[in-house]
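**Student:** These are the residues of each chain, in order.
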Amino acid sequence: MLSRRNFLTAAVGVAAAGGLAACAKEDEGSSGSDSSSGGGKKITLGFAQVGSESGWRTANTKSVKEAAKEAGYNLKFSDAQQKQENQISAIRSYIAQKVNVIAFSPVVVTGWDAVLKEAKTAKIPVILTDRSIETSDDSLYVSFIGSDFIDEGRRAAKMLEKVLEKAGHKGAVKIAQLEGTTGAAPAIERAKGFKEIMDAEHKDDWKVVVSQTGDFTRAGGKQVMAAFLQSNPDINVLYAHNDDMALGAIQSIEAAGKKPGKDILIVSVDGVKDGFVAMSEGKINGIVECNPLLGPQLMDLVKKVNDGETVERRIKTKEGDFLQEQAKEALPTRKY
Amino acid sequence: MTTTPRWRALTRHHLFWPVAVLVVLLLVNVPFTPDFFSIKMTDGHLYGSLVSIVLFGSPLILVAVGMTLVIATGGIDLSVGAVVAITGALTCSYISDQADQDALSGVLLAMGIGLAAAVVCGLWNGFLVARMGIQPIIATLIIMVAGRGVAQLITDGQIITVNSEPYKLIGGGYWLTLPFSIFVVAAVVAVTVALTRRTALGLLVESVGGNAEASRLVGIRSRRIKIMVYVFCALCAGIAGLMISSNTSAADGNNAGLWIELDAILAVVIGGTSLLGGRFSIGGTVVGALVIQTLTTTIYTIGVPTQTNLVFKAAVVIIVCLMQSPKFRAKVFGGGRFGGKGGAQQAPTPADTAPTSEAVRKMEVS
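Protein chains in written order, with full-length UniProt numbering: chain C, 1 to 336; chain B, 1 to 366.
Note that these hints are calculated values from the structure, not bench results.
Wrong hints could be hidden among the right ones.
[What the hints assert, rightly or not] Simulated restraints on C-beta separations:
#	chain 1	residue 1	chain 2	residue 2	range
1	C	Gly257	B	Ala186	22 to 32 angstroms
2	B	Lys327	C	His202	50 to 60 angstroms
3	C	Asp138	B	Lys327	55 to 65 angstroms
4	B	Leu46	C	Asp138	55 to 65 angstroms
[To be verified] Here are the simulated DMTMM-like cross-link-like pairs (lysine to aspartate or glutamate), alpha carbons at most 25 angstroms apart as the crow flies:
#	chain 1	residue 1	chain 2	residue 2
5	C	Lys328	B	Asp100
6	C	Lys273	C	Glu329
7	C	Lys273	B	Asp102
8	B	Lys40	C	Asp234
9	C	Lys262	B	Asp43
10	C	Lys328	B	Asp97
11	C	Lys174	B	Asp35
12	C	Lys273	B	Asp97
13	C	Lys65	B	Asp156
14	C	Lys259	B	Asp102
15	C	Lys207	B	Asp35
16	C	Lys273	B	Glu165
17	B	Lys40	C	Glu254
18	C	Lys335	B	Asp156
19	C	Lys258	B	Asp43
20	C	Lys62	B	Asp156
21	C	Lys262	B	Glu165
22	C	Lys335	B	Asp100
23	C	Lys166	C	Glu254
[Said to hold, decoys possible] Heads up, incomplete: computed chain B residues facing chain C, CB under 8 angstroms, no partners named:
#	residue
24	Phe32
25	Thr42
26	Asp43
27	Ser49
28	Ser52
29	Phe56
30	Gln158
31	Thr161
32	Glu165
33	Gly172
34	Thr177
35	Thr248
36	Ala250
37	Thr301
38	Gly303
39	Asn309
C-beta atoms are modelled at their ideal positions from N, C-alpha and C, and glycine is treated no differently.
Could you build all of it, start to finish, from the sequences and the hints given here?
**Tutor:** As structure tokens, then:
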């Protein structure tokens, strides 16, 4: 029987639990013990993160927090849980708190003009990290620091050239592509960059025979690759938009009785630790790094911006390309 | 249409339409994957498209079987995806903390911990629905939303990779040349069918779904039955969670079992169980889950562009659901007792009849 009192009690309980969960996500950062007593010299940085949707993002968050601590900044950190409205309210609260610089990783590309105008009116410079925005007014942010996904696609194609050469591959190159989440910028642009090089330099010998989304997940990569191997048993190259999908695909390739890294050459993007482990075992042939550890670079930029120096509009994160030989030595340095 | 009594009896069988759809979907693959039905031995286990479908479909079958009983009581359980994530996260994080990940006792204990957490989730759902009288869709929404956060808390937002051979067996290993998960699914389905159809339990579940208050008045402990089905559903989801994490040897708190609740509800519906409760078909659900998995595989093999994946899936699901409806069939094909005057004269569109006529042909062949 539905008793009204019981229902209300439960409803209040749920609401309270939800509220607590939301509060728990607000994190002042470990270094922000006494921001006001620093005599105004200590830079206060407000950072609005997208969320914690992947291992890459967690590493990104950790890097920002650690770099801020190292640089001696007062970091105000918030996690938007992949929701734009959370991020907008976080930015508003930073404006109200009169932080020196605001940095954020936009959840989506549009809809930022209003809140960024408020920041501009309050004379707080804004830096975009990792993802860009679309705006009619370019003066709303001072700089964008992050990876260039199209370039990552190009680098992956260039890396495949090296991998094929090293493996002594001859004949047609039949490529299976595991795409990221449909509609996500990294998925679209990594495919675009790869195709650009392929069409320009390998029009005759390279061909993407199958391409499908694996949603950036291991389970997705595994399932899609299993189907690919059935419908196109002659695939000899796999290009995965991230390491996790490649890791899943490796399991399917092994289940089909083939050798990943030999029968099917694998190139992927990201450079997470598990990817490097697989590469050191010879199962991945090349990884194009997409570096989440942009904390130190961001802190340098914050200092320059705060000092009023002019900075570049577009700053690329420092990234490397790794082949199997470098995997073993790079493995211990992998933080994520 | 042929009208022999045997044919009519066959088409009237509640499993006819789901099975017909499954057969059609499987046949669609043949032009794209010539050796779609071939199964060969590779590295000491069977390998082929059909094996992959069953292997990857196993978690969905389990979740859908649990969901069937919940739906039979007139409820719904949205929390299964989160339970999948929590179980996988707890089990993998326990195993990864072990010094010897291959130790069987450690793996069994880890799985026990994971399943215990699943049961706790089920008890919570059952408590809210049966004791507090909260609408099932709201009650289970709590764990659906919060549970994924819990799973991420357990994994610390990372993907936990385990290297445990015994744990790999349940979702990714092979036994007697077949994927081990087939045996797990077969066991769970057999136990469920035995409990619900060989004892009065199934009748009680249906009775509660038909009218919980009336059932209580005739002496059925409807609250207890409700709690039981939610616990059972969560347990099934828990086992599915073990499979999913074992299949990739990794726990992904963010993506494991994402949206599986919707696929499971769809499987239940395709299988012919009424969402209003009061009657259910475990066999139908198993076929329904296989239909969904085959559809997914079909999308990958026939090369549907990524952007149109969901549209393709939606179109097939709509056709399947329409075919399931006696009213729709009567209207389109005419002659049925549900057919209206105008409806019987409506010319069937090619899109509606194409899959059916093919289904009819194939059923005659087999």
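**Student:** Work down the list of hints and note, for each, if the structure agrees.
**Tutor:** Hint check:
One distance hint, 22 to 32 angstroms for the beta-carbon pair Gly257 of chain C and Ala186 of chain B, holds here, with the actual separation near 25 angstroms. Checked against the hint of 50 to 60 angstroms, the pair Lys327 of chain B and His202 of chain C passes, with Cβ atoms roughly 56 angstroms apart. Remark: the range hint 55 to 65 angstroms for Asp138 of chain C to Lys327 of chain B is upheld by a beta-carbon distance near 59 angstroms. Taken as a hint, the range 55 to 65 angstroms holds for the pair Leu46 of chain B and Asp138 of chain C, whose Cβ atoms sit roughly 60 angstroms apart.
About 24 angstroms separates the Cα atoms of Lys328 of chain C and Asp100 of chain B, which keeps this hinted pair within 25 angstroms; it holds. Distance hint between Lys273 of chain C and Glu329 of chain C is fulfilled; the C-alpha atoms sit about 12 angstroms from each other, no more than 25 angstroms. Between Lys273 of chain C and Asp102 of chain B the CA atoms are separated by roughly 22 angstroms; this keeps the pair inside 25 angstroms, and the hint holds. Among the hinted pairs, Lys40 of chain B with Asp234 of chain C is consistent with the structure: their alpha-carbon atoms are about 17 angstroms apart, no more than 25 angstroms.
At most 25 angstroms may separate the alpha-carbon atoms for a hinted pair to count; Lys262 of chain C and Asp43 of chain B meet this at roughly 17 angstroms. Of the supplied pair hints, the one linking Lys328 of chain C and Asp97 of chain B holds, its CA atoms being roughly 24 angstroms apart against a limit of 25 angstroms. About 20 angstroms separates the Cα atoms of Lys174 of chain C and Asp35 of chain B, which keeps this hinted pair within 25 angstroms; it holds. In summary, the hint linking Lys273 of chain C to Asp97 of chain B is supported, as the alpha carbons are separated by about 18 angstroms, within the 25 angstroms threshold.
At roughly 16 angstroms between alpha-carbon atoms, Lys65 of chain C and Asp156 of chain B fall within 25 angstroms of each other, so this suggested pair holds. Our distance criterion of 25 angstroms between C-alpha atoms is met by Lys259 of chain C and Asp102 of chain B, whose separation comes to about 24 angstroms. Taken as a hint, the Lys207 of chain C and Asp35 of chain B pair is honoured in the structure, with Cα atoms around 23 angstroms apart against an allowance of 25 angstroms. At most 25 angstroms may separate the alpha-carbon atoms for a hinted pair to count; Lys273 of chain C and Glu165 of chain B meet this at roughly 21 angstroms.
For the hint linking Lys40 of chain B to Glu254 of chain C, the alpha-carbon distance of about 15 angstroms falls within 25 angstroms, and the restraint holds. Straight-line distance between C-alpha atoms of Lys335 of chain C and Asp156 of chain B comes to about 14 angstroms, which keeps the hinted pair within the 25 angstroms bound. At roughly 10 angstroms between alpha-carbon atoms, Lys258 of chain C and Asp43 of chain B fall within 25 angstroms of each other, so this suggested pair holds. Only pairs whose Cα atoms come within 25 angstroms are accepted, and Lys62 of chain C paired with Asp156 of chain B is accepted, the gap being roughly 12 angstroms.
For the hint linking Lys262 of chain C to Glu165 of chain B, the alpha-carbon distance of about 24 angstroms falls within 25 angstroms, and the restraint holds. Of the pairs offered as hints, the one joining Lys335 of chain C and Asp100 of chain B holds, with about 23 angstroms between alpha carbons and a cut-off of 25 angstroms not exceeded. Straight-line distance between C-alpha atoms of Lys166 of chain C and Glu254 of chain C comes to about 22 angstroms, which keeps the hinted pair within the 25 angstroms bound. Interface restraint check: Phe32 of chain B against chain C, minimum CB-CB distance 6 angstroms, threshold 8 angstroms, status holds.
With 8 angstroms as the threshold, the beta carbon of Thr42 of chain B comes within range of chain C, its nearest partner Cβ sitting at about 4 angstroms, so the hint holds. The closest approach between the C-beta of Asp43 of chain B and any C-beta of chain C is roughly 5 angstroms, which is under the 8 angstroms cut-off, so the hint is satisfied. A least Cβ separation of about 5 angstroms between Ser49 of chain B and chain C falls short of the 8 angstroms threshold, and the interface hint therefore holds. Taking 8 angstroms as the C-beta contact cut-off toward chain C, the hint placing Ser52 of chain B at the interface holds, the least distance being around 5 angstroms.
At its closest, the beta carbon of Phe56 of chain B sits 5 angstroms from a beta carbon of chain C; the interface hint therefore holds under the 8 angstroms criterion. Look at Gln158 of chain B: its Cβ gets to within about 5 angstroms of chain C, closer than 8 angstroms, so that hint holds up. Because the closest C-beta pair between Thr161 of chain B and chain C is about 5 angstroms apart, less than 8 angstroms, the hint holds. A least Cβ separation of about 14 angstroms between Glu165 of chain B and chain C goes past the 8 angstroms threshold, and the interface hint is therefore violated.
Interface hint status for Gly172 of chain B: upheld, as the beta-carbon distance to the closest one in chain C is roughly 7 angstroms, under 8 angstroms. For Thr177 of chain B, the interface hint is violated, since its Cβ never comes within 8 angstroms of a Cβ in chain C; the closest pair sits about 13 angstroms apart. Satisfaction of the interface hint for Thr248 of chain B is found here, the shortest Cβ-Cβ separation to chain C being roughly 4 angstroms, below the 8 angstroms cut-off. With 8 angstroms as the threshold, the beta carbon of Ala250 of chain B comes within range of chain C, its nearest partner Cβ sitting at about 6 angstroms, so the hint holds.
Because the smallest distance between the Cβ of Thr301 of chain B and any Cβ of chain C comes to about 4 angstroms, under 8 angstroms, the interface hint for this residue holds. For Gly303 of chain B, the interface hint holds, the least distance from its beta-carbon to any beta-carbon of chain C being 6 angstroms, beneath 8 angstroms. Here the hint on Asn309 of chain B is kept, as its CB sits about 7 angstroms from the closest CB of chain C, short of 8 angstroms.
Going down the numbered hints, you'll see the structure goes against 32, 34, while the others check out.
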